[in-house]
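Visitor: What follows is the residue order along each chain.
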Amino acid sequence: MSTQLTLADLKPGQSGRIEHIDTSDPGVLRLMVLGLVEDTPVRFTQAAIGGDPMEFNVFGIAISLRREQARKFAITRIDERD
Amino acid sequence: MTDKAAVQIPVDQIGVRRQARHTVALVGNPNSGKSTLFNRLTGLRQKTANYPGVTVEKHVGTVPVGDTSLELIDLPGTYALSAHSMEERIAVDVVLGHMPGTARPAGILACVNANHLYQGLYLLQQLLQLELPVVVALTMTDLAAQRGVAIDIQRLSNALGGIRICPIVPTTGQGLGALKAALADLPTTAVPQAPDYWPAVSQVAAEIARAGQEALTALEAERALIDAEGPLARQAEVALGPGGQAQLAAARRQLFGDQPPMADEARQRYRWIRQVLADVQVQVPPLKRLGARWLAWLNRPLPATVSFFAVMGLVFQAVFSWATPMMDLIDGAGAALAAGVAAVLPSGALASLLTDGVIAGVGSVVIFLPQILILFLFLIVLEDSGYLARAAFLMDRAMRAVGLSGQSVIPMLASFACAVPGIMATRVIPDRKDRIATIMAAPFMTCSARLPVYALMIAAFVPNTSLGFFNVQGLVLFGLYLLGILGGVLTALLMKGTALRGPTPSFILTLPEFSVPDWRNVALKLLDRARIFLKRAGTIIFFVALVVWALAYFPRSPAIAENLAAGQAEAAANLAGAALDTELTRLENQAASAQLAQSWLGRAGRAAEPAFAPLGWDWRVTAAVIAGFPAREVMIAVLGTVYAVGDESDEQTLAARLRSARWPDGELVFTLPMVLGLLVFYALCLQCAATLAVMRRETGTWRWPVSAWLYMTALGYLAALAIHQLA
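Protein chains in written order, with the working numbering: chain A, 1 to 82; chain B, 1 to 727.
Be aware that one or more of the hints could be misleading.
[As the list claims (entries may be wrong)] Capping the alpha-carbon separation at 27 Å, the derived lysine-lysine pairs in DSS-like fashion look like this: (1) A/K72 x A/K11; (2) B/K433 x A/K72; (3) B/K47 x B/K535; (4) B/K58 x B/K47; (5) B/K180 x B/K47; (6) B/K288 x A/K11.
Since the hints were derived computationally from the structure, they do not count as laboratory data.
Values in this document were obtained by computation on a predicted structure and should not be read as measured data.
Full structure from sequences and hints, please.
Guide: This is how it looks when you write it as structure tokens:
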């Protein structure tokens with residue numbers, strides 16, 4: 001894989017684990033306080049019409065953010081087969 | 001072991017001890033059920049004030065416990081004690097005892113949503129570091145269990161230094177008794193041992209606290225290290241004396257390297273939180289909830305967006321169809337009361353002051369209440385059910401096009417009914433620049449007070465013909481709505497591009513689960529909104545109404561009064577029955593018109609006529625518009641008086657009179673270009689004292705209402721001028 005996956009690349013229903021965060025964006029720091037930190041599993045629930053903003057589920061909590069911020073969170077896919 | 005003094009407390013001192021009230025601060029995440037808990041604990045025993053120097057409200061209530069009571073301060077909802085928004089800073093200042101006028105609380109009541117335990121533990125962990133006793137109210141354990149997660153209370157308590165955790169259901173009151181008892185015991189409860197989630201930083205913080213001696217606690221030193229920009233960093237620099245700033249900077253470099261300290265703090269805290277969650281959360285079989293699948297479908301983007309517009313349509317329908325009869329009732333009651341007063345008192349300044357001044361003034365305040373209450377009832381129900389956050393999520397993209405975020409959509413829509421509740425609803429917008437841009441754009445939305453003027457002018461002067469499929473009158477009304485939206489959009493863009501320039505605000509929001517609101521909570525919030533409106537806006541509206549009355553009443557011309565008396569006597573001698581009544585009314589209306597013409601208001605209209613003549617307005621229209629500045633719908637009553645058809649005349653009479661009004665040279669006053677210009681002026685102008693008063697209240701300064709007023713008046717004038725000159 002040459003390009004790094006981010007939260008913005010997930011499709012509805014898919015999950016990923018946060019690997020690395022670009023902390024240069026002040027909004028990202030707020031998201032980290034809300035629980036989007038490294039090693040956290042995150043599921044992409046759905047997006048509003050037009051694909052933005054996006055809604056994620058973190059430990060049962062629905063958090064919405066814009067796509068441009070979702071790109072700051074590098075992830076690896078977690079495949080859920082159940 | 002036993003303290004002898006404690007054994008021998010005299011009886012009267014026990015009584016004194018009982019009455020000593022202690023203060024507890026209620027802290028929690030947004031959507032944690034905090035306000036429901038606060039309302040449940042304090043009921044109507046609460047008051048609302050402002051923290052000094054800011055527009056954030058301070059809610060304080062009394063909680064009765066047995067035959068004693070304690071004071072509860074409801075702090076703004078926050079996710080962390082990191083002082084990023086004004087609300088967070090206030091929460092930090094209060095719990096640290098740094099808020100002027102608010103003593104440091106004796107303990108903390110932390111409200112934690114069992115569904116959001118992951119986020120709730122972040123704040124809770126920070127609260128444990130305050131060196132204050134802490135009690136946790138754990139809400140929504142029932143919903144968590146339904147979703148398949150049970151929480152082991154004992155293990156959670158152990159992980160949090162042994163603090164007391166009370167599971168409660170605020171809507172039914174279950175668990176409140178135990179919680180109240182725990183609150184009463186708070187001053188004698190042991191301070192919990194905070195979990196050491198980050199030994200590297202806590203050691204350095206302890207060293208700095210020692211160096212700063214008594215002026216700095218370990219927590220304050222830690223916050224100073226992490227929030228380099230925060231107020232505690234400055235306090236620490238002062239406490240450490242010369243070289244303090246360099247010492248802190250060196251410690252930060254060593255601890256965090258080039259990473260933002262906040263990011264590291266979040267990593268460390270959530271690492272600890274994940275361990276705790278793994279320990280305390282017990283998987284239970286989830287319950288199939290009725291309608292859950294239906295709700296999930298409704299939550300999908302397209303159905304959600306469609307139903308959003310349906311819900312807003314319903315709200316508007318309700319506001320118009322429920323508020324209008326109530327407003328008519330208030331109008332009727334005011335008129336009946338005024339007639340009653342006029343019948344008892346001899347006509348003169350006092351009677352006029354009471355009827356046209358005081359009663360009309362109170363009426364112009366109360367007339368807003370039906371709309372405000374109905375609109376807020378819907379907004380509070382939508383908010384408490386978790387829908388408003390969802391609406392903001394759905395509309396974010398559209399609002400971003402005008403430089404705002406999804407959180408501005410509800411205030412904007414509410415402003416179509418009335419800008420006052422719209423502006424009051426901007427409190428949900430976290431970004432101050434966004435909030436002010438929304439407040440500045442809100443008065444452009446076509447509010448219901450503009451409608452009577454639109455209806456009168458359009459019915460009287462716009463031809464009732466068809467243009468293709470459309471009725472021209474309807475098209476003009478639609479155009480006026482569009483003009484308002486356009487004005488608001490352009491204003492928001494202009495503001496965000498100039499005075500309120502800043503980075504595009506992020507849209508970060510925790511979306512609460514849908515739930516049925518607690519009616520008690522809804523009622524108390526509604527009461528609070530009504531109280532704020534009546535107290536803060538009502539006084540200003542009333543005062544302005546009195547000023548307009550005085551301008552229209554004084555000075556009185558004795559000659560006109562004598563003329564009226566002579567005319568009445570003559571009519572009484574010559575006429576009888578219905579003819580007499582008609583003649584008397586005509587004479588009275590004529591006299592009122594003459595009095596108004598030479599009153600300060602009439603003189604102002606004449607004086608200002610040269611400025612408004614290019615718009616096609618004669619002094620009568622000018623005077624009516626001036627009188628309409630405090631409340632735009634007043635214009636119709638003034639037109640009625642000035643054209644001598646009475647201030648309560650029906651529309652047809654007034655419209656006929658307006659159609660035949662002429663300039664001294666015989667030209668018609670109300671030509672189509674002039675009327676269109678007047679309508680556009682009304683669409684763009686900020687003629688509403690209530691809106692100005694609420695803008696002042698919500699922004700905390702007169703700067704924004706004054707600039708909005710100047711800007712919108714200039715815009716309205718120029719647009720009306722352009723239409724009249726070009727057409």
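Visitor: State for each hint whether it applies.
Guide: Evaluation of the provided hints:
| no. | hint | verdict |
| --- | --- | --- |
| 1 | A/K72 x A/K11 | holds (17 Å) |
| 2 | B/K433 x A/K72 | holds (24 Å) |
| 3 | B/K47 x B/K535 | holds (13 Å) |
| 4 | B/K58 x B/K47 | holds (8 Å) |
| 5 | B/K180 x B/K47 | holds (20 Å) |
| 6 | B/K288 x A/K11 | holds (26 Å) |
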